[in-house]
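Please construct the entire structure, taking both the sequences and the accompanying hints into account.
There are 2 protein chains.
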Amino acid sequence: MASQISKRGFNNSGDPTMYEKYWKQMGERTTIVIPGWQSMSYFSDVKNLCWFLEPEFGKQVVRLHKVVGNAETDGRHIVVGTGSSQLYLAALFALSPANASQPMSVVSAAPYYSSYPSMTDCLKSGLYKWAGDARSFNQDSPYIELVTSPNNPDGFVRHSMVNKTGGTLIHDLAYYWPQYTPISSPADNDLTLFTVSKTTGHAGTRIGWALVKDPQVARKMTKFIELNTIGVSKDSQLRAAKVLKVVADSCEKTRTSSSSEYNESFFQFSYRVMDQRWQQLREVVNSSSVFSLPDFPPDFCHYHGQVLEPRPAFAWLKCERELQDCESFLRGHKLLTRGGRHFGVEPKHVRISMLDRDDNFRLFLKRLSMVQP
Amino acid sequence: MASQISKRGFNNSGDPTMYEKYWKQMGERTTIVIPGWQSMSYFSDVKNLCWFLEPEFGKQVVRLHKVVGNAETDGRHIVVGTGSSQLYLAALFALSPANASQPMSVVSAAPYYSSYPSMTDCLKSGLYKWAGDARSFNQDSPYIELVTSPNNPDGFVRHSMVNKTGGTLIHDLAYYWPQYTPISSPADNDLTLFTVSKTTGHAGTRIGWALVKDPQVARKMTKFIELNTIGVSKDSQLRAAKVLKVVADSCEKTRTSSSSEYNESFFQFSYRVMDQRWQQLREVVNSSSVFSLPDFPPDFCHYHGQVLEPRPAFAWLKCERELQDCESFLRGHKLLTRGGRHFGVEPKHVRISMLDRDDNFRLFLKRLSMVQP
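Protein chains in written order, with the UniProt record's numbering: chain R, 1 to 373; chain C, 1 to 373.
Just so you know, these hints were derived from the structure itself, not from any lab. Only a predicted model underlies this, so the values are computations on that prediction, with no experimental measurement involved. Don't take each hint at face value.
Which copy? The list can't say, so a pair holds if one copy fits it or any two copies do.
Heads up, simulated DSS-like pairs for lysine-lysine below, C-alpha to C-alpha not over 25 Å straight-line [stated by the list, open to error]:
| no. | residue 1 | residue 2 |
| --- | --- | --- |
| 1 | Lys47 | Lys334 |
| 2 | Lys124 | Lys253 |
| 3 | Lys220 | Lys318 |
| 4 | Lys124 | Lys24 |
| 5 | Lys124 | Lys223 |
| 6 | Lys242 | Lys318 |
| 7 | Lys124 | Lys220 |
| 8 | Lys366 | Lys213 |
| 9 | Lys245 | Lys21 |
| 10 | Lys220 | Lys129 |
| 11 | Lys124 | Lys21 |
| 12 | Lys220 | Lys334 |
| 13 | Lys129 | Lys223 |
| 14 | Lys242 | Lys24 |
| 15 | Lys223 | Lys253 |
Structure follows, in structure tokens:
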């Protein structure tokens with residue numbers, strides 16, 4: 001399996017398999033059992049604007065945001081999606097006027113998530129089109145700006161860059177969780193995207209959610225998902241609900257009880273792993289003259305209750321000296337990474353996944369430590 | 001719940017809740033159990049062209065088609081989708097050239113599935129556009145023709161209508177199963193769509209599959225689903241695999257053994273229910289002078305081993321006499337149906353779902369029998 005993944009170049013994808021270890025420790029707590037006759041209907045809750053949202057999933061989303069303190073949920077509609085990818089497309093559909101003469105420009109500050117341009121332009125939509133780096137956007141027409149914070153690939157906290165009139169923001173907060181970055185305050189945006197993949201590691205369930213202020217926007221997003229996939233897997237929503245519930249339980253019980261059934265909360269475990277990995281990576285990078293890593297300012301994390309340094313899900317590694325194409329250079333050393341060009345910048349940077357299984361991450365570090373200039 | 005559904009007009013949707021009864025009888029046979037640490041990765045089978053296809057789901061698809069005899073699977077690639085809706089969009093993407101000067105025309109003979117036009121034109125794609133009724137298509141440019149057989153809404157067996165050069169066909173065979181129509185021979189098309197919703201009634205799992213001859217087309221469909229939702233729920237694929245397995249088991253064991261653990265196969269059960277419902281509906285319609293129903297020629301079904309009449313999932317009811325808007329007329333009698341306009345024809349017809357729960361279907365018949373001209 002590992003060698004196959006390497007052959008196909010998949011281990012540069014950010015597959016969050018690191019989390020398997022925690023869920024094995026949790027044993028049967030998150031096992032789901034679904035009898036054959038359950039959840040057969042298309043509909044989950046016909047009274048809800050988002051008629052395919054499983055009520056239990058919606059409930060656990062609200063609860064977890066309250067426990068973690070990373071997003072306001074009051075006065076928001078929850079729209080569930082087949083991962084946050086589908087919700088991103090649903091948001092573009094919802095925020096673009098149906099009868100404009102020109103497609104809406106979609107921008108994000110480089111380096112940006114490598115799939116945004118191809119997802120946006122895949123169908124050559126007349127509603128919206130990718131317009132590149134938000135920093136160089138200088139048109140006076142309406143636009144949609146994607147704000148990914150902490151940012152994929154470089155891990156920095158982000159705010160809107162364009163600040164013109166006629167702009168609408170989509171906040172992609174997939175990584176705004178306590179294992180990756182200090183939680184400074186609850187996000188309070190018009191339209192925010194989250195995904196189970198990066199929260200708990202359950203990428204294969206394909207479940208994301210949007211918190212949406214404007215009911216008309218939430219309704220249009222729901223309509224898009226209806227036309228795209230007639231709703232979202234109920235089985236995966238039920239599984240995601242159970243996983244989020246155990247995460248919230250683990251947070252609450254380690255706070256309130258000294259003799260808890262949980263040794264540490266999910267976020268204590270995952271911050272600890274991320275912290276260790278970043279220290280190991282920095283050691284390797286610092287002992288070489290070939291590479292460098294960004295530095296992140298520490299900040300107070302209201303979840304952990306202390307000042308902490310960010311520990312992003314990706315490391316944005318720079319090849320120093322004359323090396324121009326860092327991805328090719330590293331491939332020559334059997335290190336699969338994703339180069340800067342994919343993210344709208346020069347190829348001196350590559351993105352490294354920090355979320356792989358222990359063995360793969362160790363092998364990665366070993367090979368990286370052997371790279372000579 | 002029922003009253004809510006009525007308020008929102010959902011029971012005209014074809015929600016296949018009729019099948020809950022069979023799956024309750026099957027008890028624990030189709031229960032799935034998924035531990036928290038399983039199926040976390042994005043990837044299911046990196047050696048497969050469709051890298052997010054769960055191998056067990058692919059295996060059961062092939063097995064069920066062989067047992068039923070309704071589709072050739074040899075020399076086909078299986079692409080799994082979030083319902084067949086997503087596969088329809090993936091097929092449009094795959095069959096439309098990326099650099100054409102004009103969007104590809106997409107046609108289907110009226111009456112056609114009511115969602116095709118809005119699904120096709122939702123994003124105003126530059127790759128393809130809805131061009132209406134296949135019967136009146138008279139352009140000389142390349143086109144995609146959708147062949148839905150048996151047809152939704154009217155239940156008739158369909159073949160391609162356009163027959164010009166430059167045409168590509170998508171066969172939507174969602175209803176080509178032995179409970180709905182005689183299985184005359186295995187379908188042998190270039191690109192065929194199926195869905196678990198209409199096969200077994202598990203609409204909430206959102207799982208469909210495509211059988212695709214050309215590997216380049218299968219690869220492009222896979223790419224679309226990657227950009228749309230980064231794959232398809234593993235949980236639902238595992239559940240669908242188990243359900244298809246029990247269906248195939250029920251077919252094989254009732255054939256080979258007289259003392260089977262199955263009293264009747266899934267298709268024997270579901271044909272029996274459909275047959276009874278159609279007889280009841282015809283009785284009501286025949287005793288009224290207000291309505292009529294189409295007649296279907298009987299044919300030999302290789303699955304059931306006898307000549308049988310089609311028992312479609314929808315009844316295509318016609319209002320006779322001067323009644324022009326059958327949907328409004330019936331709504332006045334608290335009967336929710338979907339009128340002909342949605343399907344590209346005049347409003348003298350309405351579509352009735354034959355797949356509702358027993359109680360709802362009985363109530364529907366009762367109200368229909370009380371309609372006076």
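Hint by hint, here is what the structure shows:
In this assembly of identical chains, Lys47 and Lys334 lie within 25 Å of each other by CA distance solely across copies; the values are 20 Å between and 54 Å within a copy. In the homo-oligomer, the alpha carbons of Lys124 and Lys253 never lie at most 25 Å apart, since the shortest distance is 49 Å inside one protomer and 50 Å across protomers. With identical chains, the CA atoms of Lys220 and Lys318 are never at most 25 Å apart, being 41 Å at best within one copy and 33 Å at best between copies. Taking the closest pair of Cα atoms, Lys124 and Lys24 never come within 25 Å of each other, the shortest separation being 43 Å inside a single copy and 46 Å across copies.
For the homomeric pair Lys124 and Lys223, the shortest alpha-carbon distances inside one copy (20 Å) and between copies (15 Å) are both at most 25 Å. For a Cα distance limit of 25 Å, the shortest separation of Lys242 from Lys318 qualifies neither inside one copy, at 40 Å, nor across copies, at 48 Å. With identical chains, the CA atoms of Lys124 and Lys220 are at most 25 Å apart both within one copy (20 Å) and between copies (15 Å). Taking CA atoms no more than 25 Å apart as the test, Lys366 paired with Lys213 passes in neither setting, with 47 Å inside one copy and 44 Å between copies.
Only within a single protomer do Lys245 and Lys21 lie at most 25 Å apart by alpha-carbon distance; the minimum there is 18 Å, versus 31 Å between protomers. For the homomeric pair Lys220 and Lys129, the shortest alpha-carbon distances inside one copy (18 Å) and between copies (21 Å) are both at most 25 Å. Taking the shortest alpha-carbon separations for Lys124 and Lys21, neither the intra-copy value of 41 Å nor the inter-copy value of 45 Å comes in at or below 25 Å. Taking the shortest Cα distances, Lys220 and Lys334 never come within 25 Å of each other, neither inside one copy (46 Å) nor across copies (28 Å).
When the C-alpha separation of Lys129 and Lys223 is checked against a cutoff of 25 Å, the pair qualifies both within a copy, at 20 Å, and between copies, at 19 Å. In this homomeric assembly, Lys242 and Lys24 come within 25 Å of each other (Cα to Cα) both inside a single copy, at 15 Å, and across copies, at 24 Å. Within a single copy, Lys223 and Lys253 get their C-alpha atoms no closer than 39 Å, and across copies no closer than 43 Å, so neither meets the 25 Å cut-off.
When the structure is compared with the earlier hints, violations turn up for hints 2, 3, 4, 6, 8, 11, 12 and 15 and for no others.
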